[in-house]
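Asker: Read top to bottom, the protein sequences are chains A and B. Sequential numbering of the first sequence, starting at 0, is according to numbering that gives the first Met the number 0. Sequential numbering of the second sequence, starting at 0, is according to numbering that gives the first Met the number 0.
Be careful, since some hints might not be right.
Derived BS3-like pairs: lysine-lysine, alpha-carbon spacing no greater than 25 Å straight-line [unchecked claim]:
1) B:K243 x B:K346
2) B:K167 x B:K61
3) B:K151 x B:K177
4) A:K200 x B:K101
5) A:K200 x B:K151
6) B:K107 x B:K177
7) A:K200 x B:K107
8) A:K200 x B:K130
A short, non-exhaustive set of chain A residues, derived as facing chain B with CB atoms under 8 Å [claimed, not checked]:
9) D148
10) S186
11) G195
12) I205
13) P208
14) L209
The hints are simulated quantities; they were obtained by calculation from the structure and are not laboratory data. Every residue, glycine too, gets a C-beta built ideally from N, C-alpha and C.
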Amino acid sequence: MDTKRTTFNNRLLPYLLLAPQLAITLVFFIWPAAQAVKSSFEREDPFGFSTVFVGFTHYQRLLADPNYLDSLWRTAVFAVSVTVLAMVLGLAFAAAVDRLARSAKFYTTLLVWPYAVAPVVAGVLWWFLFNTSTGLLPYFLERFGIRWDHDLNGTHAMILIIVAAAWKQISYNFLFFLAGLQSVPQSLIEAAAIDGSGPVKRFFTISLPLLSPTTFFLFIINVNYTMFDTFPIVDATTGGGPAQATTTLVYKVYQDGYVGLNLGSSSAQSVLLMLIVMLLTFVQFRFVERRVQY
Amino acid sequence: MAGIHIAEVSKVYAGGVKAVNSVSIDITDGEFIVLVGPSGCGKSTLLRMVAGLETISGGQVKIADRVVNNVEPADRDIAMVFQNYALYPHMTVYNNLAYGLKNRGTSKAEIDARVTEAARMLEITQYLDRKPRALSGGQRQRVAMGRAIVRKPAAFLFDEPLSNLDAKLRVSMRGEIKRLQRRLGTTSIYVTHDQLEAMTLADRLVVLNGGRIEQIGRPLEVYHAPASTFVASFIGSPAMNLVKGELHGDKLAIGPAMVVLNGFAPTSGTVTVGVRAEDIRIARADEEALPFRLEYAEELGAQRLIHGTVGDQQITAAVSPEIELAPEMQIAFDASRLHFFSVDTGKRLPGNLPAEAKLAPIEPVV
Chain A
0 MDTKRTTFNN
10 RLLPYLLLAP
20 QLAITLVFFI
30 WPAAQAVKSS
40 FEREDPFGFS
50 TVFVGFTHYQ
60 RLLADPNYLD
70 SLWRTAVFAV
80 SVTVLAMVLG
90 LAFAAAVDRL
100 ARSAKFYTTL
110 LVWPYAVAPV
120 VAGVLWWFLF
130 NTSTGLLPYF
140 LERFGIRWDH
150 DLNGTHAMIL
160 IIVAAAWKQI
170 SYNFLFFLAG
180 LQSVPQSLIE
190 AAAIDGSGPV
200 KRFFTISLPL
210 LSPTTFFLFI
220 INVNYTMFDT
230 FPIVDATTGG
240 GPAQATTTLV
250 YKVYQDGYVG
260 LNLGSSSAQS
270 VLLMLIVMLL
280 TFVQFRFVER
290 RVQY
Chain B
0 MAGIHIAEVS
10 KVYAGGVKAV
20 NSVSIDITDG
30 EFIVLVGPSG
40 CGKSTLLRMV
50 AGLETISGGQ
60 VKIADRVVNN
70 VEPADRDIAM
80 VFQNYALYPH
90 MTVYNNLAYG
100 LKNRGTSKAE
110 IDARVTEAAR
120 MLEITQYLDR
130 KPRALSGGQR
140 QRVAMGRAIV
150 RKPAAFLFDE
160 PLSNLDAKLR
170 VSMRGEIKRL
180 QRRLGTTSIY
190 VTHDQLEAMT
200 LADRLVVLNG
210 GRIEQIGRPL
220 EVYHAPASTF
230 VASFIGSPAM
240 NLVKGELHGD
250 KLAIGPAMVV
260 LNGFAPTSGT
270 VTVGVRAEDI
280 RIARADEEAL
290 PFRLEYAEEL
300 GAQRLIHGTV
310 GDQQITAAVS
320 PEIELAPEMQ
330 IAFDASRLHF
340 FSVDTGKRLP
350 GNLPAEAKLA
360 PIEPVV
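Please work from the sequences and hints to get the whole structure.
Answerer: Written out as structure tokens, the structure is:
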């Protein structure tokens with residue numbers, strides 16, 4: 000295979016060109032991550048005068064702590080719900096827009112808008128919509144006999160953050176699914192139509208299998224999104240409550256570290272979170288990719 | 000098995016572009032019809048209207064005496080072979096062939112029998128477990144054909160199926176398509192822009208230009224009696240020479256030269272004169288000749304094409320490779336081999352019909 004290679008006469012130049020990006024990665028990612036790993040093995044006194052090396056104590060305590068295990072479980076529920084909801088709706092919208100001829104651009108623009116909204120704003124938006132005393136949705140839910148109260152009801156609070164987090168992610172999934180659907184050759188759809196396959200069957204037997212690389216990619220992105228990027232949504236709506244019902248792993252890291260100032264345990268939690276995401280990504284690539292066709 | 004009747008079919012796109020303009024073709028059961036024309040002539044649009052992939056703006060399409068204007072493609076009992084084959088990339092060859100049958104609820108045993116039979120016919124049995132991407136262009140083409148065959152439809156529709164193949168494979172696949180169609184006896188409509196493909200495959204060919212039919216006829220009819228200058232220049236390779244001529248009674252003036260027509264003149268005045276390259280010969284010493292200024296020659300092996308001018312008009316002649324080339328040559332042709340077209344409309348002028356003369360043995364040919 001011939002690959003295009005650029006040869007530099009100066010041996011330093013390539014490193015110099017890479018330096019800015021490497022410096023940013025080093026300062027903002029590698030260094031803090033290393034700091035987290037380091038402090039996860041240490042205990043600091045309340046006034047920050049001394050640190051003691053404590054080995055795996057933080058990890059042992061965490062894994063025996065029912066609060067942490069609860070949070071792990073809640074995060075799993077949260078991640079699966081957001082991913083499924085955002086992907087299914089994203090795909091549904093993409094399939095709908097793909098069938099439009101003239102107004103497709105208009106709807107695409109509308110559907111992509113939420114992605115431009117900052118997570119905190121998205122959270123606040125849904126918080127208002129679901130507001131127990133002034134919100135629009137509780138008013139309608141009341142008619143179905145549901146007394147909405149995410150300040151007291153943990154399930155309601157969880158639903159609120161799932162909806163808010165998924166809402167933002169739908170736009171992203173929608174764009175990728177739409178691009179994927181539009182790259183399915185028209186003649187394949189026509190051939191399937193002649194082969195006696197209706198629109199719904201065509202979607203499930205032709206388009207969807209051809210979308211599997213996109214689906215796989217989005218799956219990983221969505222899980223990572225819910226694990227890491229949903230902190231602002233939780234913070235702006237429920238603040239992890241009530242009674243820690245919406246304290247996801249990433250929110251717990253913040254609470255224990257910055258609110259509780261238990262830096263050692265907080266660091267250990269970030270390390271564990273990082274390991275979980277790495278493991279998930281590995282599993283996804285290893286096993287799910289095998290079933291990705293085409 | 001069924002005939003297809005296309006009656007005054009038109010296609011108007013949004014914005015008023017008329018892609019197909021009142022086209023009528025009667026296709027009898029088992030006939031192989033080729034739609035041929037340059038790109039943008041409406042041939043693919045017409046085929047897609049028969050398939051049901053385009054709506055019909057006007058007129059009527061009947062398949063097996065049933066009006067199908069508003070029938071879904073799936074229910075028209077047709078199969079189509081696409082230019083890019085349109086094989087389902089995520090399915091094996093077997094499933095590609097079986098897909099249409101499965102959708103119609105055919106029994107497993109029947110599907111298996113039909114797929115096996117089609118695969119055997121097309122010699123793709125050993126590839127049934129492969130995915131399309133693991134096949135060569137020619138093999139993919141066969142799978143696409145197989146997908147049409149297994150369905151046992153009333154009609155095959157081919158949309159430039161060979162244009163993605165290399166020249167050699169195209170010739171052999173052309174033969175195979177013809178052989179298969181003869182064997183199955185299925186009514187077929189075949190779209191191509193390649194006049195050679197059209198000539199060799201067609202029972203009858205339909206020459207389209209600008210959304211209208213220029214001529215329908217058997218390949219030799221179209222070749223020997225083109226209905227217009229468009230057909231004359233489109234069918235046959237090299238293209239028919241079309242030059243401006245002046246008729247004076249029984250004499251034809253082409254540039255500086257005069258040719259006696261022996262009663263073949265259809266009219267008088269200015270006409271477009273057509274003559275095929277192979278109907279031109281090097282003049283004998285004793286006959287009336289046109290002075291030909293040679294520009295260049297192309298060697299085809301069995302023939303040699305000489306390009307040059309008579310007066311200020313371009314002429315191409317096909318001559319034997321034994322003939323010696325010279326910068327100035329004398330050429331001649333039989334008056335009976337000339338075609339006359341109206342200068343205004345480009346339509347063939349009646350009166351001189353060499354093709355009919357040749358096809359009907361009673362008519363003495365000079």
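Asker: If you check each hint against the structure, which ones fail?
Answerer: 2, 6 and 9
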